[in-house]
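Novice: One letter stands for each residue in the lines below.
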Amino acid sequence: MQVTITINGQTVSRDVPPQTLLVHFIRDTPGLTGTHWGCDTSNCGACIVQIDGKAVKSCTQLAAMVDGHEVKTIEGLEVDGVLDPIQEGFHEQHALHCGFCTPGMMMASRSLLDENPDPTDEEIRVAISGGICRCTGYKNIVAAVRWAAEHEAPIKQEV
Amino acid sequence: MQTPAPCGYERASSVDGVIATLAERGPSTRIVAGGHSLIPMMKLRLATPEHLIDINDLHELSYIRQEGEEVRIGALARHVDLLRSELLAEHFPVFADAEEVIADPVVRNRGTIGGSLCQADPGEDLSAVCSALKASVVIRGAGGERVVPMHEFHVGPYMTAVGDAEMLTEVRIAIRPGAGSAHEKLERRAGDFAIAATSAAIWINGGTITDAGIALAAVGPFTIEATRAEELLRGKAPSDELFTQAGAICSEDSMPAADGRGPVDYKRHLVGVLTKRALRRATARALQ
Numbered sequence: 001m002q003v004t005i006t007i008n009g010q011t012v013s014r015d016v017p018p019q020t021l022l023v024h025f026i027r028d029t030p031g032l033t034g035t036h037w038g039c040d041t042s043n044c045g046a047c048i049v050q051i052d053g054k055a056v057k058s059c060t061q062l063a064a065m066v067d068g069h070e071v072k073t074i075e076g077l078e079v080d081g082v083l084d085p086i087q088e089g090f091h092e093q094h095a096l097h098c099g100f101c102t103p104g105m106m107m108a109s110r111s112l113l114d115e116n117p118d119p120t121d122e123e124i125r126v127a128i129s130g131g132i133c134r135c136t137g138y139k140n141i142v143a144a145v146r147w148a149a150e151h152e153a154p155i156k157q158e159v
Numbered sequence: 001m002q003t004p005a006p007c008g009y010e011r012a013s014s015v016d017g018v019i020a021t022l023a024e025r026g027p028s029t030r031i032v033a034g035g036h037s038l039i040p041m042m043k044l045r046l047a048t049p050e051h052l053i054d055i056n057d058l059h060e061l062s063y064i065r066q067e068g069e070e071v072r073i074g075a076l077a078r079h080v081d082l083l084r085s086e087l088l089a090e091h092f093p094v095f096a097d098a099e100e101v102i103a104d105p106v107v108r109n110r111g112t113i114g115g116s117l118c119q120a121d122p123g124e125d126l127s128a129v130c131s132a133l134k135a136s137v138v139i140r141g142a143g144g145e146r147v148v149p150m151h152e153f154h155v156g157p158y159m160t161a162v163g164d165a166e167m168l169t170e171v172r173i174a175i176r177p178g179a180g181s182a183h184e185k186l187e188r189r190a191g192d193f194a195i196a197a198t199s200a201a202i203w204i205n206g207g208t209i210t211d212a213g214i215a216l217a218a219v220g221p222f223t224i225e226a227t228r229a230e231e232l233l234r235g236k237a238p239s240d241e242l243f244t245q246a247g248a249i250c251s252e253d254s255m256p257a258a259d260g261r262g263p264v265d266y267k268r269h270l271v272g273v274l275t276k277r278a279l280r281r282a283t284a285r286a287l288q
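Protein chains in written order, with this note's numbering: chain A, 1 to 159; chain B, 1 to 288.
Calculated directly from the structure, the hints in this document are not laboratory data.
It cannot be assumed that every hint is accurate.
Covered stretches of chain A (in silico footprint by chain B; criterion: 3 or more residues with CB under 8 Å from a CB of chain B, positions within the stretch not fixed) [what the hints assert, rightly or not]:
hint, segment
1, 5-15
2, 40-48
3, 122-130
For the chain B half of the interface with chain A, some residues (derived, Cβ under 8 Å), not all of them [stated by the list, open to error]:
hint, residue
4, GLN2
5, ALA5
6, ARG110
7, ALA190
8, GLN245
Computed from a predicted structure; not experimentally measured.
Note that CB positions come from ideal geometry on N, CA and C, so glycine has one too.
Starting from the given sequences, assemble the full structure and let the hints guide the process.
Specialist: Encoded structure:
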């Protein structure tokens, strides 16, 4: 069936079997391999993307179910060479080690700050609880999201 | 790599259309909403539908509202909606208790109450919540609607009263005075299914328990309605001693199996403790 999804502002259309998972559609069709395909069981969160602005595990949605909707992936965070404050925060606070969980952690964190610009550490922990980091880096991930929250408030005010 | 087996797919544009397609295509056609139970089952070949009907466009089923003396929840209301609903927080705080510990926030963005109830996983929390609250579900078929109380909804492990060419469209919960409710769950790690969980609802009038609902998750082949413990509570004044007795009865009436989440004795013990805590919190809320 023909599935058309707007991914990071670009329209992507492809004829795929109806059972195709969104994560594979994203990785295979436009070749956006930043979205990781991890546990396959909706547990690890490496495949988290935003669908219409909401964080969703893309291994547990069919591409067909997202036909006509908007998806944002990790590649969509940076705009014109300027990193998203979440990306800056992960860099500044050393919030990644092997990097496998990072795209999902960043997309879940981005969704948190979009809804709640000044979260507590506990709220950050809850927001990223759908992701698993096996380098045991949660402490720095929380610090990174905190950093992003603190640094993007003034940026938003300037805009 | 886990991927679903080949299947057909269509998007529904009306509830009547869903029922017509189900009737026409037979039981190998399944409804998909959030997909967070069905798609993992399809990956594991525990479910092998030949055709899927996607109901995510049926926005008329995405509501939580009061009608008369009932709260009505559309089948497509998502976990995140239940967690944040002020109407539910006011009347049935047990929903927010449970939703805070159902999976994780990302899964809660997609999973729906209709899907959770129809999946009827014995470890699933919302079935216990709805059972404790003595909710009813509306099931629609070609011949119209029928309203089924929760105690008739589960007909076996992963089996519900929803027939082949039928669809659960709504959950109804009566608003009665003097209500309090709470959900207590112990999980191994964030977002996991429960080791054991208890949902409790209590209705108090003039210092006496007029009615009670207790349901247990993850400690049997289906959601267990603890009717013996409910019977014990009715007509009595709430007290810690009474709740300990109710917990002991629930512990006896649970049917846990030993698995990676723990041995039978441990789970029975948990049921007693969690039931007592749930009743205590439900009562405190009823008396607020």
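Novice: Each hint: holds or not?
Specialist: Now the hints, each set against the structure:
Look at the segment 5-15 of chain A against chain B: 0 of its residues bring a Cβ nearer than 8 Å to a Cβ of that chain, fewer than three, so the hint is violated. Residues of the segment 40-48 of chain A lying with their CB closer than 8 Å to a CB of chain B number 6, which satisfies the three-residue condition for coverage. Coverage of a stretch by a chain is defined here by at least three residues with a beta carbon nearer than 8 Å to that chain's beta carbons; for the segment 122-130 of chain A and chain B the count is 4, and the condition holds. Nearest Cβ of chain A to the Cβ of GLN2 of chain B: about 4 Å, under the 8 Å cut. The hint holds.
Taking 8 Å as the C-beta cut-off, the interface hint given for ALA5 of chain B holds, the closest approach to chain A being about 7 Å. Checking ARG110 of chain B against chain A: minimum C-beta separation of about 6 Å stays under 8 Å; hint holds. The criterion of a C-beta within 8 Å of any C-beta in chain A is met by ALA190 of chain B, whose closest approach is roughly 4 Å, and the hint holds. Interface restraint check: GLN245 of chain B against chain A, minimum CB-CB distance 35 Å, threshold 8 Å, status violated.
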